[in-house]
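> Each chain, written out:
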Amino acid sequence: MENKDKNLYRLDELTDYKVASNYSDVRGWKIVDADNRTIGKIDNLWVNKDMQRVVYLDVKVDKALIDDSRNEVHDTIANDNGREFIYKEGDSHLIIPIGSVNINKDTKIVMANSISYDTFRRTGRYNIQHNFDRNYERSVLRSYYPNDPQSEFESNDDAFYNRREFDGH
Amino acid sequence: MAEIKIEKKRPIWPWIVALLLIFGLVYYVFLREDHVQTGNTVEMENTTTTDTIAE
Chain Z
725 MENKDKNLYR
735 LDELTDYKVA
745 SNYSDVRGWK
755 IVDADNRTIG
765 KIDNLWVNKD
775 MQRVVYLDVK
785 VDKALIDDSR
795 NEVHDTIAND
805 NGREFIYKEG
815 DSHLIIPIGS
825 VNINKDTKIV
835 MANSISYDTF
845 RRTGRYNIQH
855 NFDRNYERSV
865 LRSYYPNDPQ
875 SEFESNDDAF
885 YNRREFDGH
Chain V
2 MAEIKIEKKR
12 PIWPWIVALL
22 LIFGLVYYVF
32 LREDHVQTGN
42 TVEMENTTTT
52 DTIAE
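As they're listed, the protein sequences go chains Z and V. One point on numbering: in our numbering, the residue at position 44 of the first sequence is 768, and numbering is uninterrupted. One point on numbering: in our numbering, the residue at position 3 of the second sequence is 4, and numbering is uninterrupted.
Extracted from the complex, chain Z is given alone in its bound form (with noise of 0.2 Å):
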């Protein structure tokens, strides 16, 4: 599997492992985007097993975002014939980086402040069945951060996951 050769997996697929003491097990939780818009649901957490923390959350689309985004496509191939679409039934997921959001304990909602509705619209999904890999990551960067540079997202290893869109402080 790609993602086991970047060290990343599904935090429910490492059974001996769990979301430290005084850390919020976000999974189930809500999250909105800049303007509090709901986004979806946090499905899962992605880890990198030696770095020991989360560098992804997952979510779960909401169907009314699937549905505008699937209305922008269409748009767009009424506009313009040529353009390709990268949206299949069944990607119903994205990823968001840890860094990119706050933690909201009281309310259990995570809040993606730097995200819009609008860029969470356009930004590639992909289905849960066939997992991503490093050139999926990189397109979620640049659709969320598409002003740093592109030559920070050239990395293989886990030096990828050492900038501050996944670094908490």
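Everything labelled a hint here was simulated from the structure, so no lab data went into it. Remember, it's a predicted structure, so these values are computed and weren't measured experimentally. Hints may contain errors.
Under the rule of at most 27 Å between Cα atoms (straight-line distance), these lysine-lysine pairs were calculated in the DSS-like manner [claimed, not checked]:
#1 832(Z) <-> 6(V)
#2 9(V) <-> 742(Z)
#3 787(Z) <-> 10(V)
#4 10(V) <-> 773(Z)
#5 787(Z) <-> 6(V)
#6 829(Z) <-> 773(Z)
#7 765(Z) <-> 6(V)
#8 9(V) <-> 787(Z)
Covered stretches of chain Z (in silico footprint by chain V; criterion: 3 or more residues with CB under 8 Å from a CB of chain V, positions within the stretch not fixed) [unchecked claim]:
#9 742-748
#10 787-793
#11 847-857
With the Cβ distance kept under 7 Å, some of the chain V side facing chain Z (calculated, not the full set) [said to hold, decoys possible]:
#12 2
#13 6
#14 7
#15 8
#16 9
#17 11
#18 21
#19 25
C-beta: ideal position from N, C-alpha, C; glycine also.
Assemble the complex: chain Z is given as a structure, and chain V must be docked to it using the hints.
Here is chain V on its own, set in the frame of chain Z:
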């Protein structure tokens, strides 16, 4: 910015062993006390019978 760390789960078997040891110790202590009390009761009955015959 959020951070979520993970840690290894602590194995449960040391706690099970400790509980078994405690139960074993408690069981041993109570069983030992029951044996001592049973021995004293038998001696008192013999003494009473002997006194009656002598009169």
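> Work down the list of hints and note, for each, if the structure agrees.
Okay, the hints, checked on the actual structure:
1. Of the pairs offered as hints, the one joining residue 832(Z) and residue 6(V) holds, with about 18 Å between alpha carbons and a cut-off of 27 Å not exceeded.
2. As the CA atoms of residue 9(V) and residue 742(Z) are separated by approximately 6 Å, the hinted pair is consistent with the 27 Å bound.
3. Simply put, residue 787(Z) and residue 10(V) have alpha-carbon atoms about 35 Å apart, too far for the 27 Å limit, and the pair is violated.
4. The suggested pairing of residue 10(V) with residue 773(Z) holds, with an alpha-carbon distance near 14 Å, which does not exceed 27 Å.
5. The straight-line distance between the Cα atoms of residue 787(Z) and residue 6(V) is roughly 30 Å, outside the 27 Å bound, and the hint therefore fails.
6. Between the alpha carbons of residue 829(Z) and residue 773(Z) the distance comes to roughly 25 Å, so the proposed pair stays at or under 27 Å and holds.
7. Taking the CA atoms of residue 765(Z) and residue 6(V), the gap is near 20 Å; set against the 27 Å cutoff, the hint holds.
8. Note on residue 9(V) and residue 787(Z): the hinted pairing is violated, with a Cα-Cα distance of about 35 Å set against a maximum of 27 Å.
9. With 6 residues having a beta carbon nearer than 8 Å to a beta carbon of chain V, the segment 742-748 of chain Z meets the requirement of three or more and the stated coverage holds.
10. Under the rule that three or more residues need a Cβ within less than 8 Å of chain V, the assignment of the segment 787-793 of chain Z is violated, with 0 such residues.
11. With a threshold of 8 Å between beta carbons, the proposed coverage of the segment 847-857 of chain Z by chain V is violated, since 0 of its residues qualify and at least three are required.
12. Satisfaction of the interface hint for residue 2(V) is found here, the shortest Cβ-Cβ separation to chain Z being roughly 5 Å, below the 7 Å cut-off.
13. With a least beta-carbon distance of about 4 Å to chain Z, the hint placing residue 6(V) at the interface is held under the 7 Å criterion.
14. Given the 7 Å rule on beta carbons, the hint for residue 7(V) holds: about 5 Å separates it from the nearest Cβ of chain Z.
15. Among the interface hints, the one on residue 8(V) holds; its C-beta lies about 4 Å from the nearest C-beta in chain Z, closer than the 7 Å criterion.
16. With a least beta-carbon distance of about 6 Å to chain Z, the hint placing residue 9(V) at the interface is held under the 7 Å criterion.
17. Annotation: residue 11(V) was flagged as interfacial toward chain Z, and the flag is violated, the nearest CB pair being 9 Å apart, outside 7 Å.
18. Hint status for residue 21(V): violated, given a least beta-carbon distance of 23 Å to chain Z, over 7 Å.
19. Evaluation of the residue 25(V) hint against chain Z yields a violated restraint, the C-beta minimum of about 29 Å exceeding 7 Å.
Violated hints, listed in ascending order, are 3, 5, 8, 10, 11, 17, 18 and 19; each of the other numbered hints is respected by the structure.
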